[in-house]
Amino acid sequence: MSATDAQNAALHLENLVLEGGWVVGPPNRFDGDHTGGAFSVTYIATRGDGSQGFLKVLDLAQALASDDLVDTLSGLTAEFRAERNLCEMCGTKRLSRVVTAITHGEVKVPNFVIGTVPYIIFELATHDVRVALGRAEQIDTVVKLEYAHSLATGVRQLHQIGVAHQDIKPSNILVFPKSANRAVGKIGDLGRAYREDVDSPHDHLLVPGDRSYAPPEQQYRHQFDDPATRRFAADLYQLGSLITFMFTGRTMNTFITINLARHHRSAFYGDSYQSVIPYLDEAYENALQRIESELPPVIADRLARLIRYLCEPDAALRGHPAARQQPDGSNFSLERTVAELDLLVRIAARQAQQ
Amino acid sequence: MTLQPIEDDREVVPRWRSYSDAKSSVELAPLRQAHLVAAEKELGPLRAQYSSSHDAFVIADYLGALIAYQVDQRTIEPVAHALAAVSEEGSVLWGFARQAIQLSDDASPDQLEPASIDAHARLQLRALRHVIRRSPRRATFHVDAALAHATLGNRKSANREARIALELAPTNRFVVRSAARLLISQDEPDEAAWILRHFGSYASDPWVLAPLMSAMQLAGEKPTEFRAARELSALGNHSAADLAELWAEMATIELGAGKTKAARGLFRSSLQNPNDNVVAQAEWASKAGGFTLSEADLSVERGYEARSRAFAREAKWSQSVIEGQAWQRDEPFSLEPALSTSYIAALVLEDYQKALDVASSGLNFHPKDPTLRNNAAFAAAKLGDTEKAREHLRHAGHAAGSDERNAMVATRGLIAFRDGQPAVGRALYTQAVNEFRRAGNADMSVLASSLWALEELRIQSPIALNARDAAQEDFARAQLPEAKVLVNRVEAAFSSAESAEL
Chain A
134 MSATDAQNAA
144 LHLENLVLEG
154 GWVVGPPNRF
164 DGDHTGGAFS
174 VTYIATRGDG
184 SQGFLKVLDL
194 AQALASDDLV
204 DTLSGLTAEF
214 RAERNLCEMC
224 GTKRLSRVVT
234 AITHGEVKVP
244 NFVIGTVPYI
254 IFELATHDVR
264 VALGRAEQID
274 TVVKLEYAHS
284 LATGVRQLHQ
294 IGVAHQDIKP
304 SNILVFPKSA
314 NRAVGKIGDL
324 GRAYREDVDS
334 PHDHLLVPGD
344 RSYAPPEQQY
354 RHQFDDPATR
364 RFAADLYQLG
374 SLITFMFTGR
384 TMNTFITINL
394 ARHHRSAFYG
404 DSYQSVIPYL
414 DEAYENALQR
424 IESELPPVIA
434 DRLARLIRYL
444 CEPDAALRGH
454 PAARQQPDGS
464 NFSLERTVAE
474 LDLLVRIAAR
484 QAQQ
Chain B
5 MTLQPIEDDR
15 EVVPRWRSYS
25 DAKSSVELAP
35 LRQAHLVAAE
45 KELGPLRAQY
55 SSSHDAFVIA
65 DYLGALIAYQ
75 VDQRTIEPVA
85 HALAAVSEEG
95 SVLWGFARQA
105 IQLSDDASPD
115 QLEPASIDAH
125 ARLQLRALRH
135 VIRRSPRRAT
145 FHVDAALAHA
155 TLGNRKSANR
165 EARIALELAP
175 TNRFVVRSAA
185 RLLISQDEPD
195 EAAWILRHFG
205 SYASDPWVLA
215 PLMSAMQLAG
225 EKPTEFRAAR
235 ELSALGNHSA
245 ADLAELWAEM
255 ATIELGAGKT
265 KAARGLFRSS
275 LQNPNDNVVA
285 QAEWASKAGG
295 FTLSEADLSV
305 ERGYEARSRA
315 FAREAKWSQS
325 VIEGQAWQRD
335 EPFSLEPALS
345 TSYIAALVLE
355 DYQKALDVAS
365 SGLNFHPKDP
375 TLRNNAAFAA
385 AKLGDTEKAR
395 EHLRHAGHAA
405 GSDERNAMVA
415 TRGLIAFRDG
425 QPAVGRALYT
435 QAVNEFRRAG
445 NADMSVLASS
455 LWALEELRIQ
465 SPIALNARDA
475 AQEDFARAQL
485 PEAKVLVNRV
495 EAAFSSAESA
505 EL
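Keeping their order, the protein sequence lines are chains A and B. Plus 133 on top of the position in the first sequence (first one is 1) and you've got this note's numbering. Plus 4 on top of the position in the second sequence (first one is 1) and you've got this note's numbering.
Here chain A stands alone, though its shape is the one from the complex (with noise of 0.2 Å):
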């Protein structure tokens, strides 16, 4: 441990009671089962009557071994805010599929150089769905569907209040407990988040969340002037990929560059994102391919339809394709894959009864 660490209070919060009676426990290893972010340190917390959270702490120590302090100080701080307020939001808005934050706060700790420790505390998932796929006896077609059922409601509930998730990706799907007899995921960590309504820390970046889950017209560099197509579509394209995920075990990012010639790649790729269309076009014709033929047989026709327009690399004509013949309302509109879903999942759970 460096004189820094130990001088640092957010890594020496273990069995420090917060305010509403949460005591705090050993901080978690990388163990794969929470992502905590590039600047915070993450611990479980219990109460008295035995419920536990997910503390998130940020680490200010960090910020010291930056490059330039100021500005990398502010930028954390500004995050942190963001992500408090918008979870905040959330749970006023009571958004069953997205993980709300129970409280948050400040902790002053004695006799530390850096004393003064904000966090989160967040509902605690049981995994996230990367080990919930891989550990269950059996996942069966029906829960995947739940998952994505959840999902895709998590984020409709997002854009309903005008929230853009931004950085959609196995590890920030989080897996609870059964609920009404249906297997529950929720979205987590809105670190990224774009507001409607509100300037986030991210907006100015061309790629918010992690790169290799970003939708093409990040990966190529390409910033669309309108804010939906920039921002809604990009999570659409993110859901699908991650429904493509829980049943073939691959991105679409990693379809569609396995199927690219490799200068085509985004990583050696240097001209504009409306030039490399065509190929993508191709790449992504082949990959749907492939995903339809290792869908379960049962939903694979509907079910490929659905990736299929959640994830058209053209961003501008990304969406159901119902919601984008309405003269008004958005094309980026998740009403009737939220639907299709549910309807996927009644199918499914027929034909396994059968």
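It cannot be assumed that every hint is accurate.
Footprint (simulated), chain B over chain A, 3 or more residues, beta carbon under 8 Å [claimed, not checked]: (1) 217-230; (2) 395-402.
Using C-beta positions, here's what the derived DEER-type ranges look like [unchecked claim]: (3) 303(B) / 480(A): 55 to 65 Å; (4) 476(A) / 138(B): 19 to 29 Å; (5) 41(B) / 358(A): 24 to 34 Å; (6) 138(B) / 483(A): 20 to 30 Å; (7) 136(A) / 36(B): 39 to 49 Å; (8) 207(A) / 44(B): 18 to 28 Å.
Calculated Cβ distances over 10 Å to all of chain B for the following chain A residues [stated by the list, open to error]: (9) 205; (10) 303; (11) 475.
Rather than coming from a laboratory, the hints here were simulated on the basis of the structure. Even glycine gets a Cβ: it sits at the ideal position worked out from N, Cα and C.
Keeping the supplied structure of chain A fixed, place chain B upon it in accordance with the hints.
Structure of chain B alone, referenced to chain A:
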């Protein structure tokens, strides 16, 4: 008799291959390269989770990110093996792991030898129709459909598909070059130039400027873009590979203007990092330009045309035909491989069935080409199918050149001989030989006389000697290596006939 294509007007017109064949080629590489490296802050957490987890989907997530970030295959493979180890054999994750392990093979599609060019095109078209019905907005599929239609000779459909592709992706290089090539193959170079000028970004893209200049040359326009080409090659900061076609076309224009030294320099530049089209252009120009190509140049990938031409120049006929057939499979809608390959196969190798097959494939897209019809008629007549031979000549369009017209007269002579009308055949051959002589074309005269002599000998006519003498008389002034092949053949046939008499 068959006729070889006139070689005085080759330009650097773009190749047109199916997208799956073309996508890895340098023609479709971006002008600007990116070198994005994997971000440690993104891969780091996934690696940490991978290191501490045996969960298959956690490993798959990390493996997918490694692939998306295009990290080195040596990093990918151990992760793929780890995924295979925790996955059930035959499961989707196991399939993913196997796929990732094989990525170093760079996903080159299986090269299946089609049963025939037409059958392959029909299969392609059937598959494309299915895809296009499902996804009508994918430009590359429409280009591929246009190519399949062109291969099968459906010009109208080919043009319709190319137009749709242009509407969908008007600035895409693959689409624009393919559409231009289709028009050039239909003898509409002015239309091709219009498309390249209005849709392609020719001012900044040498891969569009080169075919634009070629199309303008073929359309008989002045090379007004030459200055732009010089500036682009000097100031555009493009690689030698990106400039190769442009340099080759500039060299061709200089050569046409009699500036041989300048042309040689430009050809030398174009051969620094050439594609097969550039090598073919240089091979075509090598005689007039006074330079030779190296073995390495000729071994360029898909360099069928260059090798076919080079082998023919060296009188290596069988190899030339093999390369010519590969050239035709590569560009089935193109007239040139059909002409040159059917010519050599029939006239030199006496492989009339092969000649007829090659010519027939070429006729799909060029049904009225008089030279190709004539070559097909010659091969059919030699095979004894004079009805088919006459039909080919009936469908031949107007022959603009006197050589073509005279070759057809000679072929009619052959048909008459094979129909048992030697007097008619004799008259037609005589007419053809006289016309070739009048035009001072000793090569053609030798070829026509030799073929005539062989027909007279076949029916044991005393006039065979006259025809042979005519061929030998003109042979002194002939230059084509195939003239020698035919004169030798005639001499061998006469020797053999004399031996038989004895």
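Minimum C-beta separation from residue 205(A) to chain B exceeding 10 Å: can you confirm that? Residue 205(A) is indeed farther than 10 Å from all Cβ atoms of chain B, at 13 Å.
Just double-check residue 303(A) for me: nearest Cβ-Cβ distance to chain B has to come out over 10 Å. 5 Å, violated
Given the range 24 to 34 Å, decide if the beta-carbon distance of residue 41(B) to residue 358(A) lies inside it. 29 Å, holds
Please test the hint of 20 to 30 Å on the beta carbon pair from residue 138(B) and residue 483(A). 27 Å, holds
Could you check the hint for me, namely that residue 476(A) and residue 138(B) are 19 to 29 Å apart, CB to CB? 21 Å, holds
Has the hinted range 39 to 49 Å been met by the Cβ atoms of residue 136(A) and residue 36(B)? Taking Cβ atoms as reference, residue 136(A) and residue 36(B) lie about 46 Å apart, which means the hint holds.
Please verify the coverage claim for the segment 395-402 of chain A: does it have three or more residues whose C-beta sits within 8 Å of some C-beta in chain B? Coverage by chain B holds here, the residue count being 8 at a Cβ distance below 8 Å.
Given the hint of 55 to 65 Å, is the C-beta distance from residue 303(B) to residue 480(A) inside that range or not? Check passed, 57 Å falls within 55 to 65 Å.
Are at least 3 residues of the segment 217-230 of chain A within less than 8 Å of chain B when you compare beta carbons? violated (count 0)
Given the range 18 to 28 Å, decide if the beta-carbon distance of residue 207(A) to residue 44(B) lies inside it. 23 Å, holds
Residue 475(A) remote from chain B - nearest C-beta pair above 10 Å: Correct as stated: the minimum Cβ-Cβ distance to chain B is 24 Å, above 10 Å.
Taken one by one, the earlier hints fail for this structure at numbers 1, 10, listed in ascending order.
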